[in-house]
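Visitor: Chain by chain, the residues run as shown.
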Amino acid sequence: DIQMTQSPSSLSASVGDRVTITCRASQSISSYLNWYQQKPGKAPELLIYAASSLQSGVPSRFSGSGSGTDFTLTISSLRPEDFATFYCQQSYSTPYTFGQGTRLEIK
Amino acid sequence: QLQLQESGPGLEKPSETLSLTCTVSGGSISSSSYNWGWIRQPPGRGLEWIGDIYYSGSTYYNPSLKSRVTISVDTSKNQFSLKLSSVTAADTAVYYCARRVRGVNDAFDIWGQGTMVTVSS
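Chains A and B are the protein sequences, given in the same order.
Using my numbering, the first residue of the first sequence is number 1, and each one after it goes up by one.
Using my numbering, the first residue of the second sequence is number 1001, and each one after it goes up by one.
Heads up, a few of these hints could be off.
Across the chosen pairs, the derived CB separations fall in these ranges [claimed, not checked]: (1) A/Lys-107 with B/Met-1116: 43 to 53 Å; (2) B/Ser-1076 with A/Ser-26: 34 to 44 Å; (3) B/Lys-1066 with A/Ser-14: 24 to 34 Å; (4) B/Ser-1076 with A/Ser-56: 23 to 33 Å; (5) B/Glu-1016 with A/Ser-76: 46 to 56 Å; (6) B/Arg-1068 with A/Ser-14: 28 to 38 Å.
Worth flagging that the hints you see were computed from the coordinates, not collected in a lab.
Bear in mind that the values here come from a model prediction, so they are computed numbers and not experimental data.
Just so it is clear, CB atoms sit at the ideal spot from N, CA and C, and this is done for glycine as well.
Starting from the given sequences, assemble the full structure and let the hints guide the process.
Guide: See the structure below:
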C-alpha cells in the first residue's frame, strides 16, 4: 500500500494568514493526489483533484501543487469558515489511501 | 443535484454482518463516468477506503478487508450496498458512501452525510 504522510498534524493560524499543508507519498504517484476538507460532524468535501485542479465551487484561495512524492495545499488568506481538518488522498493505485489529516485551528 | 444517502442499522453485535445501503438521487447510478464507493472513519481517526463498484457490477476492494466485504449494486433501485461480515469493535465507525469520478484522478467528488455504526454486545 502507498503510505501518505501529512505535516503538520495540527496547525494554529489566524484569519488572513497564508497556510501551507504538506503531503508526502511513500512512492511516486505522479499527480494522482486529491485534497479534502472535513468540518466536525460532516462528510469530507473535495477541494483539489489531480494535485492542482480546483474542484468546481471551491474558492480560489485554495490551491494545490506538486507531483511525484511531494505535494502541498495552500490557503492564501484564511477565512473563519476554513478551520477544519484536511486530508490528502492518493488515487494512483488501489487500495486508495488517505493521509492522517491536518487539523487547522484558530489561533 | 446528485445526492447520496446512507441507511442501515446503527448498532451491530460482534460477529454479525453489517449491512448498509446508499441511495443515489438526482442522477443515475448507471453512468459510465463513475464508480460508487464506501469509505469509513473510526471515531476521532482518519479515513479508510473500503471499496467501490461500477454499475456493471465490477468491484474493487481494500485487501485489508477483502475477505469480509461485499459491495453490490441494484440499478433498478439506484442503490448500492455494503456488507461487512464478522464485525468487531474495530469496525465501529462512521460509514460514508461516495461517488468516484473515473478517469479524472479518481477523486471522490460527492459524499453522503455518513452513518454511524457501533459494534457492541
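Visitor: Against each hint, give a clear statement of whether it holds in the structure.
Guide: Results of checking the hints against the structure:
The beta-carbon spacing between A/Lys-107 and B/Met-1116, approximately 31 Å, falls outside the hinted interval of 43 to 53 Å. Roughly 42 Å separates the CB atoms of B/Ser-1076 and A/Ser-26, a value that falls within the hinted 34 to 44 Å. About 45 Å separates the C-beta atoms of B/Lys-1066 and A/Ser-14, a value inconsistent with the hinted range of 24 to 34 Å. Distance hint check: the CB atoms of B/Ser-1076 and A/Ser-56 are about 30 Å apart, consistent with the given range 23 to 33 Å.
At about 49 Å, the beta-carbon gap between B/Glu-1016 and A/Ser-76 stays in the expected band of 46 to 56 Å. B/Arg-1068 and A/Ser-14 have their C-beta atoms about 46 Å apart, which leaves the hinted 28 to 38 Å range violated.
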